[in-house]
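Enquirer: Residues per chain, in single letters:
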Amino acid sequence: MEAVVARGLTYRYQPGGPLVLKDIDFHVSRGEIAAVTGLSGCGKSTLCYCICGAVHHNRDGVMTGQVLLNGKNIRELRAASLALEVGMVFQDPDTQLFSPTVEDEIAFAPENLCLPPAQIRERVEQALDLLGLAALREANPYRLSGGEKHLVALAAVLALDPPVLVLDEVMSQLDQAGKKRVAAALKRLRDMGKAVIAVEHNLEAVSFADRLLVMEKGELLSCGRTAELLADREFMEARGLIYDPPGL
Amino acid sequence: MSFLEIDHVSFTFPRHDKPVLTEIDLHFDQAVITALVGPNGSGKTTLTKLMIGVLRPACGEIRLDGRPLVEYSLGEIGRRVGYVFQNPDLQLFCGTVAEEVGFGLANRGCQRETVEERVAFYLDYFELKDYGGVFPLHLSQGEKQRLAIAAVLANEPLFLVLDEPTVGLDAYRKRLLEDYLKKISRSGRGMVLVSHDTAFVDRVAERVVILENGRVIEDSGRKGKAADEA
Amino acid sequence: MKLDPRTKMVMVLCLSGLALLYNTPGRLLLLLAVTVAMLLIFRFDLGAIGSYLKPFLSLMVFLFVIQCLFAPSGCVLLAVGPVPLVTTGGLLTGAGVVLRIVVVTAAAMLLATFNARDFILGLVQWKVPYELAFMVSIALRFLPVFRDELVNVVTAVQLRGVDLKKVPWGQKITMYSRLLFPVIYGAMLKAQRLAVSMEARGFRVYPRRTYLRRLEFSRADYVVLTVFPAAAIALVIRHINLLAH
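Chains A, B and C, in that order, are what the protein sequence lines are. Those letters in the first sequence? Residues 22 to 269, by the working numbering. Those letters in the second sequence? Residues 304 to 533, by the working numbering. Those letters in the third sequence? Residues 360 to 604, by the working numbering.
Hints in this document: simulated from the structure, not taken from any laboratory. Each residue gets a CB set at the ideal place from its N, CA and C atoms; glycine is no exception. The hints are all genuine.
Facing chain B, from chain C, some residues (calculated, C-beta under 10 Å): (1) D507; (2) V512; (3) A515; (4) M534; (5) Y544.
Capping the alpha-carbon separation at 20 Å, the derived lysine to any residue pairs in SDA-like fashion look like this: (6) C:K486 <-> A:C135; (7) B:K432 <-> B:Y475; (8) B:K321 <-> A:Y163; (9) C:K361 <-> C:L399; (10) B:K486 <-> B:Y428; (11) B:K352 <-> B:E379; (12) A:K201 <-> B:A502; (13) B:K432 <-> A:P39; (14) A:K238 <-> A:D46; (15) B:K432 <-> A:G38; (16) B:K352 <-> A:L165; (17) C:K486 <-> C:R365; (18) C:K486 <-> A:L136; (19) C:K361 <-> C:A471; (20) B:K352 <-> B:R518; (21) B:K321 <-> B:H311; (22) C:K361 <-> C:A467; (23) C:K549 <-> B:L393; (24) C:K486 <-> A:P137; (25) A:K93 <-> C:E558; (26) C:K524 <-> B:V357; (27) C:K549 <-> B:L442; (28) B:K486 <-> B:F424.
Make a model of the complete structure from these sequences and hints.
Expert: So this is what it looks like as structure tokens:
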């Protein structure tokens, strides 16, 4: 059974409005990292929202087609129980951090899952360790720098330990060390059998992804092997996704 | 004399013991693109906020165009220095995209036709034409970032400070931004940009200043044009 | 000294309750002394009280003057013709009103000596539903955020080259009223996104949740929890008795 399946997925913001997602079909297996790329406004973030159910339960738009998470149709899941199937790191860190300390922020998800305190402690320590945040444990998330906020938001979702992870551009504000730590964390999640979907503009940052989903104007153009797609410079350049400045 | 001069500036947030910035000495000239780089939490954003007078240094002095920054009002600074915040959500406050781009000009008493003309130009250049009547916070992150940049550029400031301008931009839009920034620099205006995007910095910046733990640990000085002339 | 946040909440209730009951400056001063002593024990920076009171300064002066003028009693100190302007009784009532505000504010500062996390834990362990506890704590937490948001907008407006100080009042009001809606709407959008991200991390998956930490009453807590309410009740009874006579 695939971890994520999208079948004939379409989405529009208003009934009768233009399609933001056009007939998207793809699947991501357990133990696989899929990167999603495309020009801004191509529907990447919307696709993320659809997969994690945020669209279905919280937005006014119209979604048709199907999204299955571990075989379960997201329409049939209660909004809160979706968190047991999928974890999502949103693009804007400021609207997803609300706790007084980094440690509390990370403990929030396992506390919601009713884990015993010892297990919560274990998950918090693992997440802090994996993303190199131990020194910021007592810091106020609201006062951190942009990149640090993203790391905390990711750590908070890692502690939820969902089978599917969706990340919307978490690497963009990270320094090299931060990018490496996130990459190492994602590879470890893959080895643990998780399915990871990561939206990213910077293709170097996700070159370790198993597959690359290329989107254009709401359509999914390709979902092949990352290495093969990246090697096809003509295709990528025509999509405006890579660019060689003239005269260099 | 440089356009923006930072002399012996240190900064500590109230009720914190550890200084964010220590003894910063940097001068920025017109017509030079300087990149400010360094690890997360090294004090880059704080330094840019000091440069535009949103924060005041604990000690040391910052001078803009020869005059101490403290003598300017924020509005006067804003007419000279354009600042693009790290998070576009914090600087978009109008009801529509078009209003946002025209806000600075309209409120400084520019002719309506001039404002409309410039708004049209910037919406077109940053490919936001179709969104003129949309509520800014309804845009995608990449579109909001472009809008924030367009709104600041439409003011045609003498100097620019951009905090992570490429976040949320794809390769194609980055190139558009790169071209525009270079054009601004060629027209004699200088800028400082904070970025983790090494590829972008390599292509755009003529000078790279590296910050670590609140100190300048490396300053390449001006490469390229100045070095050629020397 | 470290006390349980619940203990501190009880202390605040006792102190501000008495402050509302008392109306003579002498007793209120005593109450203020006790409150300040408590704040010192919890190593609270007393200077901060000043900054919290500052916005209320004009209100306090206003109340003081009103009380002086409209509650005349005792000896007349200053009169305009037959109308007594300043009386000893009026001064005392005025001072009482101001002191009451100071005591209540200072007592509330005791709450600032523990953080939002302890606040939630305290309430939840007192069987308050956790949704409610989070609602209160998030509201408290986001007050400064919304203040920052407003500061940000005002800063951003000026950085677009508008000199707010030089804008004439008429224009300023039109500008602010035009900005009001986008700013409020933006804040609501952000609140909505916050709710989505809380839910995405499993908030309210189960009717119950567990906590990383647990608050435990120490011996000091039990002492304070006995002494404070007992003393407060005794003082209230005494006050009522005095009034009855």
